[in-house]
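There are 2 protein chains.
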Amino acid sequence: MSELKEMILEYGRRARVAARLLARTSTAQRNAGVCAMADALVEAEAEILAANQADVEQAAARGLSGALLERLTLSGARIHAMAAGVREVAALPDPVGELIRRWTRPNGLEISKVRVPIGVVGIIFESRPNVTSDAAVLCTKTANATILRGGSESIRSNLAIAAALSQGLARTGLPGDAIQLISVTEREAVRHLCEMDRYLDVIVPRGGKSLIEAVVGHARMPVIKHYDGICILYVDACAKPEMARDIVLNAKCQRPGVCNAVETVLVHRSALASFLSQTACALAAKGVELRCDPEALAAAERVPELAGKTVAASAADFQTEFLDLVLAIKVVGGLEEAILHIEENGSHHSDGIITEDAEAAERFLQEVDSATVYWNASTRFTDGGEFGFGAEIGISTDKLHARGPMALEELTTYKYQLRGSGQIRK
Amino acid sequence: MSELKEMILEYGRRARVAARLLARTSTAQRNAGVCAMADALVEAEAEILAANQADVEQAAARGLSGALLERLTLSGARIHAMAAGVREVAALPDPVGELIRRWTRPNGLEISKVRVPIGVVGIIFESRPNVTSDAAVLCTKTANATILRGGSESIRSNLAIAAALSQGLARTGLPGDAIQLISVTEREAVRHLCEMDRYLDVIVPRGGKSLIEAVVGHARMPVIKHYDGICILYVDACAKPEMARDIVLNAKCQRPGVCNAVETVLVHRSALASFLSQTACALAAKGVELRCDPEALAAAERVPELAGKTVAASAADFQTEFLDLVLAIKVVGGLEEAILHIEENGSHHSDGIITEDAEAAERFLQEVDSATVYWNASTRFTDGGEFGFGAEIGISTDKLHARGPMALEELTTYKYQLRGSGQIRK
Chain A
971 MSELKEMILE
981 YGRRARVAAR
991 LLARTSTAQR
1001 NAGVCAMADA
1011 LVEAEAEILA
1021 ANQADVEQAA
1031 ARGLSGALLE
1041 RLTLSGARIH
1051 AMAAGVREVA
1061 ALPDPVGELI
1071 RRWTRPNGLE
1081 ISKVRVPIGV
1091 VGIIFESRPN
1101 VTSDAAVLCT
1111 KTANATILRG
1121 GSESIRSNLA
1131 IAAALSQGLA
1141 RTGLPGDAIQ
1151 LISVTEREAV
1161 RHLCEMDRYL
1171 DVIVPRGGKS
1181 LIEAVVGHAR
1191 MPVIKHYDGI
1201 CILYVDACAK
1211 PEMARDIVLN
1221 AKCQRPGVCN
1231 AVETVLVHRS
1241 ALASFLSQTA
1251 CALAAKGVEL
1261 RCDPEALAAA
1271 ERVPELAGKT
1281 VAASAADFQT
1291 EFLDLVLAIK
1301 VVGGLEEAIL
1311 HIEENGSHHS
1321 DGIITEDAEA
1331 AERFLQEVDS
1341 ATVYWNASTR
1351 FTDGGEFGFG
1361 AEIGISTDKL
1371 HARGPMALEE
1381 LTTYKYQLRG
1391 SGQIRK
Chain B
971 MSELKEMILE
981 YGRRARVAAR
991 LLARTSTAQR
1001 NAGVCAMADA
1011 LVEAEAEILA
1021 ANQADVEQAA
1031 ARGLSGALLE
1041 RLTLSGARIH
1051 AMAAGVREVA
1061 ALPDPVGELI
1071 RRWTRPNGLE
1081 ISKVRVPIGV
1091 VGIIFESRPN
1101 VTSDAAVLCT
1111 KTANATILRG
1121 GSESIRSNLA
1131 IAAALSQGLA
1141 RTGLPGDAIQ
1151 LISVTEREAV
1161 RHLCEMDRYL
1171 DVIVPRGGKS
1181 LIEAVVGHAR
1191 MPVIKHYDGI
1201 CILYVDACAK
1211 PEMARDIVLN
1221 AKCQRPGVCN
1231 AVETVLVHRS
1241 ALASFLSQTA
1251 CALAAKGVEL
1261 RCDPEALAAA
1271 ERVPELAGKT
1281 VAASAADFQT
1291 EFLDLVLAIK
1301 VVGGLEEAIL
1311 HIEENGSHHS
1321 DGIITEDAEA
1331 AERFLQEVDS
1341 ATVYWNASTR
1351 FTDGGEFGFG
1361 AEIGISTDKL
1371 HARGPMALEE
1381 LTTYKYQLRG
1391 SGQIRK
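Quick mapping for you: the protein sequence lines, in order, are chains A and B. Residues in the first sequence are numbered consecutively from 971, following my numbering. Residues in the second sequence are numbered consecutively from 971, following my numbering.
Worth double-checking, as some hints may not be accurate.
[To be verified] Cut-off 35 angstroms, straight-line C-alpha distance, at most; resulting in silico cross-link-like pairs (DSBU-like, lysine-lysine): (1) B/LYS1396 / A/LYS1396; (2) B/LYS1210 / A/LYS1396; (3) A/LYS1210 / B/LYS1210; (4) A/LYS975 / A/LYS1210; (5) B/LYS1279 / B/LYS1396; (6) A/LYS1179 / B/LYS1179; (7) B/LYS1396 / A/LYS1179.
Keep in mind that the hints were calculated from the coordinates and are not lab data.
With the rest of the complex left out, here is chain A (with noise of 0.2 angstroms):
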């Protein structure tokens, strides 16, 4: 076995221990260990800034600038706006004993699903070092460890914040091993954490597809992943034009970057004069490239102040996820005619109709296959936060386990307890 596995493998068996010892403590122990994880980061402050400094100067040495190298600083605020953060999820609820279901079996069997933490729980993820304390103290609040895997251009400010945390849980009692980080930064690393179903009993990737299909393709324990966000809206016959400018602007261009931005707008045939005149005016007054199909490119010509603004749509535009100011746009006939088009072009991450009609509205809400799905209301809402479950790991595209935004009870399973007085199989 090459020393990287083994060393890795240890990683593994410390992690299963710490959850097992995790998995015993009460709501109050794991709250106060996490109120610890938040004393011990504002207390690392210098060793944490040391760290990221030099990771930020290794990076600019190797020429990353800008927002990437924006994104790897690190300040004495933002170290407190992470420690904060911490102290937020110790005052949420705790899903874990969470009491599902209970029946009891016409033999007197007593059965219970309760809610119980996962166990070990992998997390490999790509630049912003705030992401090692948001991992950590999720998997810690429901009694899961967690493994941990950065990016190499943060490493070392990785490193100190785990060591950090970790520190802070062990000074309540709790075991320090629960969040551990990986300190190698050898690609190898990730395929040997993949294969170890042993220990791990789930990994989420965050980060780029790349990354994803790598994980994807080497894991032997279940992975929940966020692919593409093509985010369609759907405006319909019926659609007020104010609230449809209001929604496709915000769902275009208040954050276009992230993943629940909207990527296409298909138009009803009867509603695509005034949602050029409205929306799309408005669009490109943003400064939003609108890539048309040839009816809706056609009727934009008629639109003096899209001059210039419209361009024709290849067929890859809509499956694209822009994350910038671009929107794919395109004409359709009705529902039906959309609904096929965000199954067949979509990324079922946040799709939604708008429209004045009820009843269309809830054949969207119905056969719509996605994640999310939304009547009269911008895509952008789906998120953890927005959603009320107060923090968030990600959000899945996948279908089994966790859909959509994955906060504290997706990083739950459960299981059954039966009670009996000596019932035996007939």
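Knowing the structure of chain A, use the given hints to seat chain B on it.
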């Protein structure tokens, strides 16, 4: 692309279309479809029996015999039993469409979490042809399309059964492609299925370890699986000796070849003498081979009735699923040691404690991290029917999505429907 791969992809495309159509149907429509599937099975009795005879003859010519040949062989009565099983599922409550939770956000957005079908379910199984109808009916009831892949020795029977079910369903106007069975027996077909994550939302392998390993190794979609059933009972110091005897006997002997049969018994040191004189003797009388750790072995030598019935256990015996009249016995000093043994040697399927000490029992139920944990009952109750689920597609030893008996509810997922009045994100 190989011809075989293209063929498998075509199953996927058809299943996806069928799943979309099925998702739009009502409970009543699907129940009518399921009843028509039962009728069609009965009507196709002659074709199914002829196909089965050809399978049986070929299997016999290849040297299959005894219980295996018996499992493969169908009769008119078995087909009627299959049809009756299908009708029973029609009568069960439908989980699809259930409102799991609904809440309203401060901005007025109403969020509903509703239960929906998974989509397309792949099921890979070996040997028994009745799995074809069990799996197909559970999937149809929950509005999922299914792609089935059975063992090569029962291919003709499976195809005849699947054809009848599909035709029955189509007769009521529901999509016949919702039930497809792969008509080729090449091993490569499984790999293509496993890679087809665009069309298959989940894959459920039912069979031996090598099949499951192959599926886990290749699958790009979630897998729900059943590995070993190394079930363990702990006879505590405060166990009633007669209850311990009855439960252990039932758990070991009632049907030794199944996954929820007990394979190891841990005995508290102070209960050892009564365990040997009552339970061990009763087991020996039933022909059970007792593989004992040194302490139990030494004590057994002082019990005349156990002469020649005990052997020394190897370390491997405590991690083996015997599926036979063999039981490993180990002496422990208390609850803590028992729990640790179970965590490190069991398969987290079904484990139990026999005791009159409620505090010890509750600690066991809390701390043993298995799909089902028992207090004073036989492990043989881990079963969809015994749980009151009406039917089951298998028992999951996974922790995510489905854990323990997997029935109708576990064939569903959820989505969020958000109803607004023009909300945009600030």
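Taking the hints in turn, this is what the structure says about them:
no. : hint                  : result
1   : B/LYS1396 / A/LYS1396 : 62 angstroms, violated
2   : B/LYS1210 / A/LYS1396 : 20 angstroms, holds
3   : A/LYS1210 / B/LYS1210 : 73 angstroms, violated
4   : A/LYS975 / A/LYS1210  : 59 angstroms, violated
5   : B/LYS1279 / B/LYS1396 : 76 angstroms, violated
6   : A/LYS1179 / B/LYS1179 : 32 angstroms, holds
7   : B/LYS1396 / A/LYS1179 : 29 angstroms, holds
Checked against the numbered hints given earlier, this structure breaks hints 1, 3, 4 and 5; the rest are met.
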